[in-house]
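2 protein chains.
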Amino acid sequence: MAVYTDVSDEALTSFLTDYDIGDLVAFRGIAEGVENSNFQLRTTQGDFILTLYEKRVNAQELPWFLGLMQHLAGQGVSCPQPVAARSGAMLNTLAGRPAAITTFLPGVWPRKVKAAHCRPLGQALARLHAAGQSYAPVRANSLGPDAWKPLLESCRGQTDSVVAGLEAELDAAFDHILPVWPGQGGNPDLPRGQIHADLFPDNVFFLKNMLSGLIDFYFACTDILAYDIAICLNAWCFEEDGSFNVTFARQLLLGYDDVRPLSAQERAALPVLARGAAMRFLLTRLYDWINTPADALVTPKDPLDYVKRLRFHLATETLDGYGV
Amino acid sequence: MAVYTDVSDEALTSFLTDYDIGDLVAFRGIAEGVENSNFQLRTTQGDFILTLYEKRVNAQELPWFLGLMQHLAGQGVSCPQPVAARSGAMLNTLAGRPAAITTFLPGVWPRKVKAAHCRPLGQALARLHAAGQSYAPVRANSLGPDAWKPLLESCRGQTDSVVAGLEAELDAAFDHILPVWPGQGGNPDLPRGQIHADLFPDNVFFLKNMLSGLIDFYFACTDILAYDIAICLNAWCFEEDGSFNVTFARQLLLGYDDVRPLSAQERAALPVLARGAAMRFLLTRLYDWINTPADALVTPKDPLDYVKRLRFHLATETLDGYGV
Chain G
2 MAVYTDVSDE ALTSFLTDYD IGDLVAFRGI AEGVENSNFQ LRTTQGDFIL
52 TLYEKRVNAQ ELPWFLGLMQ HLAGQGVSCP QPVAARSGAM LNTLAGRPAA
102 ITTFLPGVWP RKVKAAHCRP LGQALARLHA AGQSYAPVRA NSLGPDAWKP
152 LLESCRGQTD SVVAGLEAEL DAAFDHILPV WPGQGGNPDL PRGQIHADLF
202 PDNVFFLKNM LSGLIDFYFA CTDILAYDIA ICLNAWCFEE DGSFNVTFAR
252 QLLLGYDDVR PLSAQERAAL PVLARGAAMR FLLTRLYDWI NTPADALVTP
302 KDPLDYVKRL RFHLATETLD GYGV
Chain D
2 MAVYTDVSDE ALTSFLTDYD IGDLVAFRGI AEGVENSNFQ LRTTQGDFIL
52 TLYEKRVNAQ ELPWFLGLMQ HLAGQGVSCP QPVAARSGAM LNTLAGRPAA
102 ITTFLPGVWP RKVKAAHCRP LGQALARLHA AGQSYAPVRA NSLGPDAWKP
152 LLESCRGQTD SVVAGLEAEL DAAFDHILPV WPGQGGNPDL PRGQIHADLF
202 PDNVFFLKNM LSGLIDFYFA CTDILAYDIA ICLNAWCFEE DGSFNVTFAR
252 QLLLGYDDVR PLSAQERAAL PVLARGAAMR FLLTRLYDWI NTPADALVTP
302 KDPLDYVKRL RFHLATETLD GYGV
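Each protein sequence line maps, in turn, to chains G and D. Per my numbering: the first sequence = residues 2 to 325. Per my numbering: the second sequence = residues 2 to 325.
These aren't lab readings, by the way, just hints derived from the structure by calculation. Accuracy of the hints is not assured; some may be wrong.
Note: identical chains are not told apart, hence a pair may lie in one copy or across any two.
As the list claims (entries may be wrong) - Straight-line Cα separation of at most 20 Å, DMTMM-like style, residue types lysine to aspartate or glutamate; simulated pairs: (1) K115 / D7; (2) K209 / D10; (3) K115 / D10; (4) K150 / D289.
Produce the entire structure from the sequences given, and follow the hints as far as they go.
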């Protein structure tokens, strides 16, 4: 939970004069969010979200993210829509930070995932993928397979503080992922496009079990579409005790197929993609776990959940093995 | 900035069925706030604030606070108004915590105080005091003069880590406050009533330099009315460099007098009340500074600002000495 940069009322009022969205009515920091500072902003014309981009986001990439959100919203995907200033610019500066205003999305993210969430989730993910096909700019996945070994290297010597033997376990796990990764030994022809790449429950809003929108596109990138499903299998389909919920996974895949039927090749690749997704979140959590100062505003997430998920995926060779 | 207790969407939906305020539309944690967990809540009927009361608030005192807010709102003071459940109860339970819903107040708190804020502030404070006269229940000030020596005792031995010699300085300062405190050597007949007792800039909302409301009544108590002005002198009338802003103080007192003219006795007591107010905030900040664990969600406020303010007040015997 975080607001890293505070914004003075005077600076905000001045900033808003560059926009045609009415006068300031209310302004509160939002506790959710880890990477950026987010504020709920009300004007005489309605509700908006103001985001100040903090250091972990590469400012040069912001136009790509905002362009994607604008494109997706234009294609009917319910996501925050960047609001342009009078100048036409979606990205401006406030309190010394790149800043953008987006539309406010109603809904509440599910603290406890239920089966009823997973089919709408799959449908929304497939719609995002379909809508992204016509967004041409490319952003490489900076947390893809090439980033994993360097991430582990930067934690080397400290990894076993999380679980004894973890470092050797991860070294060995790479041999079961990288050589069979799509394009690196695995199928090189899986459909690619714009993926969300971080579609955890706190980025998906629901109203009465109807999905009302997707948020937080700041890990989005151009990658294998089915990898996004593999991320959701990790993020949505495990119980708190670490067990895999087959019902949730079935609903997720059913929902996806409702909109964009997965090919046999994509289905076949899901287990290795799921291993890779577990590895990716394990490694960034491991890195944050080791490198977050004790007095940081944000409590790092325990990487242990993803150690368990990785082990589960490594023990499973095919989608049948998941019971899906 | 803090949300200490998260609330599941299911628990919230269930909680809301006890209220006649429509269906859930959105729900976000608010970053501001130190003592309790606050959420911005939108329903099909409008906007509300949901507060979960955390451990530092005495649950038995919550009806007093909520009753005061209801009373003040009923008297035309712009403050959050508790929303009763269908049962009539303003205080209920959510996620194992006492919880209340209040109305949403538009406005933005001033990050940088200007003279234009101070007269409306004084007027609002006087209106609060006038409106509070008809709220009969009494709550003693748990952070009044009787609490100060025990607070310092609990920090003894660690106080000088803030500034060398601070412990002896505070011991000596008591001799210039307690024996002349109203009722303890000073004038025993100053008007008393319900005071806010924590009216810092972040608890006062403005819209275009018009004061739109007061929030956070969880330090309110029954005490000397002029003590609330003394708190505002400390909280609003010092520059970042520690210098006293006479213009702000004049505007504050002018505003107060607009609504409820201060008596000569109250004016004469202001310097010692201002010393006491500086001591009170100095001591709680000192306590938090020493006792907040490094990994706490909230960064404690530096007590040093209040050491400087206390020194300033101790050097001033009369309101004329302030230049007011």
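Against the structure, the hints:
1. Taking CA atoms no more than 20 Å apart as the test, K115 paired with D7 passes between copies only; the shortest distance there is 18 Å, against 36 Å inside one copy.
2. In the homo-oligomer, the alpha carbons of K209 and D10 lie at most 20 Å apart only across protomers (10 Å), although the nearest pairing inside one protomer, at 36 Å, exceeds that limit.
3. Taking the shortest alpha-carbon separations for K115 and D10, only the inter-copy value of 11 Å comes in at or below 20 Å, while the best intra-copy value is 41 Å.
4. Taking CA atoms no more than 20 Å apart as the test, K150 paired with D289 passes inside one copy only; the shortest distance there is 15 Å, against 43 Å between copies.
The earlier numbered hints are all upheld by this structure, with none contradicted.
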